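Peer 1: This is what each chain is made of:
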Amino acid sequence: MAAESLLALEGVGHRFGGLTVLRSVTFDVPERRIVGLIGPNGSGKTTLFNIVSGYIRPITGTIRFDGTPLVRDSIQRRGAAGLVRTFQTPQVFEKMTVLENVMVGCCKLTRTSMVQDLLRTPAARRQMKAIREQAEVACERFQLTALRHLPAASLSAGQRRILEIARAVVGRPRLLLLDEPSSGLNQSEIESLREWIVRLNQEGMTVLLVSHDMALMTVADTVHTLYFGEIIASGDMAAIQRDARVREVYLGV
Amino acid sequence: MTFSLVLQAIFAGVTNGLVYALVGMGLSTIFKGSRVINAMQGEFSVIGAMTTVLLLSQMHWPYPLAIAAGALVGAMLGGAIELAFVRYMTRKNASEDSFLLLTIGLALTLSASVLFFVGRDGHLLPPLGGDGVFILFDAVIQVHALWLIAIAIAATIGLRLFFHRTTLGLSMMAASIDADGAATTGINVARMRTYTFVLGGLLGALGGILVTPLVAVDYQLGLSLTLKGFAAAVLGGLTNPLGAAVGGITLGLVESLAIVGISSSYKDVVAFSVLIVIMILMPQGILGRAGRRGG
Amino acid sequence: MRWSWPSLAVALVVWAILPLVVSRGTADLLVFTGIYSIAGLGIGLLLGHCGIVNLAQATFYGIGAYASAYCAVNLGLPAPVGFSVGALVSMALAYVIGRPVLRLTGYFLALGTLALSAIASALFFEWDWLTGGTLGIGGIPKLGLLGFALDRPSRYYYFVWIVAFGCMIVARNLVDSRTGLMLRAMRDSSTAAASLTVDIQGLRTRIFVVCALFGSIAGSLFAHHASFVSTQSFTVERSITFLLIPVIGGATSIPGIVVGALFVTFLPELLSKLGDFHQILFGLALVAVVVALPNGVMGAVESLWIRATRRSGHGG
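Chains as they are written, first to last, in the working numbering: chain A, 1 to 253; chain B, 1001 to 1295; chain C, 2001 to 2316.
These aren't lab readings, by the way, just hints derived from the structure by calculation. Just so we're clear, the structure is a prediction, and the values are computed from it rather than from any experiment. Note that the Cβ used here is the ideal one computed from N, Cα and C, for glycine as well. Some hints could be false.
Claimed, not checked - Straight-line Cα separation of at most 20 Å, EDC-like style, residue types lysine to aspartate or glutamate; simulated pairs:
#1 A:Lys-108 - A:Glu-133
#2 A:Lys-108 - C:Glu-2302
#3 A:Lys-129 - C:Asp-2176
#4 A:Lys-108 - C:Glu-2126
#5 B:Lys-1092 - C:Asp-2176
#6 A:Lys-108 - A:Asp-73
#7 A:Lys-95 - A:Asp-73
#8 B:Lys-1092 - B:Asp-1180
#9 B:Lys-1267 - C:Glu-2126
#10 A:Lys-95 - B:Glu-1096
#11 A:Lys-95 - C:Asp-2128
#12 B:Lys-1267 - C:Asp-2199
#13 B:Lys-1092 - A:Glu-136
#14 A:Lys-95 - C:Glu-2302
As the list claims (entries may be wrong) - Just a few of them, taken from the derived set where beta-carbon distance is under 10 Å, the chain C residues facing chain A:
#15 Ser-2177
#16 Ala-2192
#17 Leu-2203
#18 Arg-2307
#19 Arg-2310
Using the sequences and the accompanying hints, generate a full structural model.
Peer 2: What follows is the structure, given as structure tokens:
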């Protein structure tokens, strides 16, 4: 494990009843890099994501985030530590406005208690103002300003994806897990998404990306191929596409 | 606490429990078929029982006929409500909360109707098989209770056979599991949903009729039966109508053992506390199938 | 829908002179409307902002009422003690019971809260050494404020409604705050909210405690109004009534709570002239509201408002 690994998985395995979904997955995500995960359907990519983000506990293996093992850390604790994910179908808060969605992302940066909120103390008012301002800035940045007072339910798939990412990023996470971010998006939206991933990474964000879209995957520095719960190949996209086992798995060649 | 007392309590528990089971099976059937929590389930019981009472005492119908008519009225009421209200709201994509509140409103309306048409008095039905009792190890067991248990078990088995062996039952199951898939095989999904309400009404009415020789039925009994029936259904796993049988018996036993063990006044406290504990510890209910959450 | 200053001022004036111009019976109902608004406010918070159906409010309403009654009558303590004891017991109970029960969701949670209300109702009945059972506790003194005895409905009205306005301001603060954001996030997608560090279990429990506090305050106010409390007022049916308030009026709207409270206090009274038939009409009215106005009365009003302003205003 390289010393600058932000995320390190070692021997992670998981079963659902009798079905082994992950065998022994070992890889790491160095800081400030983009790492990709590809694999056919059923290879365990989403399960792996759920494990890393804390929605499932692995049966075997360890996961280290910034050197510290994540044992029984809740989803919320991992989020607070800087590990944020998006979902295959964008999970926006439908009945809230776009701006409010982003504001929720800012909530983790402040710490008013509920009593302060009930009494609307000056501290609570200040923090709310700060949250709103940060959210407005983020909307500007992600070009959502025109939409910001619309309910999130009225957004297109591409806009929802951007909103989801904006909401995740505004909390200044250290590691961004993107689960099939291009699903449901049209070509120009995927292009826009790709630009965003590159831009965020250039600004210092570490990204772990799961996708079946090979073109999108070219943003990744390293790609691991997952097949039936194990990594069968690793390398940059060009190497992966030449790898014999990968070709066999994907093309039956 | 003598043996005969415990035996009597067990018997009473099973008897009451099967009444809750019938109410709960109806509730569960409706929920499985339409995802509607039927808060007026107990009112079907009351109205079915009241119908039988009136036909028997005012119109002097023969008892078996009056019972059949009461059950039929419950069934038709269920169907009528589905057609009049549930269909409309389903088309407007009402939320699950809205359906719950609809059935609460209907429950209030139905119980008020019973009050208006029948008055405040409680009514009893004659026990099946006469006033006879069995004495077993000094425990007193009414003949009617035996009839109740037999009929309830028959209904449970009948329900299972209906759902798994008859075309109509299978169609109803299919429509509830996968509406679109069922529609492509020619099943009229909307009509199936109406039938689940008809079946739910029938089961509720049957439960009400069977309990009325033991407990006087009045306009207020509905809420209590709905609550217990709901508890029975949840204990059994909510989407498994037969689970309500197990859930109902469990509830009945807990209640009656609480009566002999602690005191009759605390029976509700014990029963509902057990319900809460089981819901928290066993989210799939006692029979536990694929974890079905309530919402 | 924003209220303009002139319309708020008018509403305030109407509110202020109302008890002076209506009959004593109506003033009495208006006091109840205020009390029910407080209880309904808590339920509305849970329903509208958390998507939780809470059928346990009669429990805390009862605790507040009995605490005030017992402290004032049996112990001879001044009224604020009763209020405080009721509030503290309610909040503590809500916290202890809420933590496990609020791990349930959907219908299971609704049933759990309903079971709680049934248990409380039975205990109010059983523990007659504390509550007086069906005989209840009588002779609860009216409240006095700054030398004024609030012994007439038209006087108590002001006190109750000022407390109600206070509760509404607190509720509004919560909704507009960071906590409010997290609540609505939790309601819309708990999966995503968790990933954004929203403490779902903790929030649910704390809002349940707030709801219980409102219920308790309402109960204490009720005790000093009715002078006599007994188990009939704290049944499962009462919990259902409290649930109806935000349902009818509109769960996310504070004026809606008042509309709902008016509905459940005035309508039965107005219909009672028709004898036993009135309960049927009440049930039907409720069904009509649920079917025709899924977002409550205020929800429908807001939709009309939006459509009206869009038509008279400019496009896009």
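Peer 1: Please write out, lowest number first, the hints stated earlier that are contradicted by the structure.
Peer 2: The structure breaks hints 2, 4, 5, 7, 11, 12, 13, 18 and 19; every other hint is satisfied.
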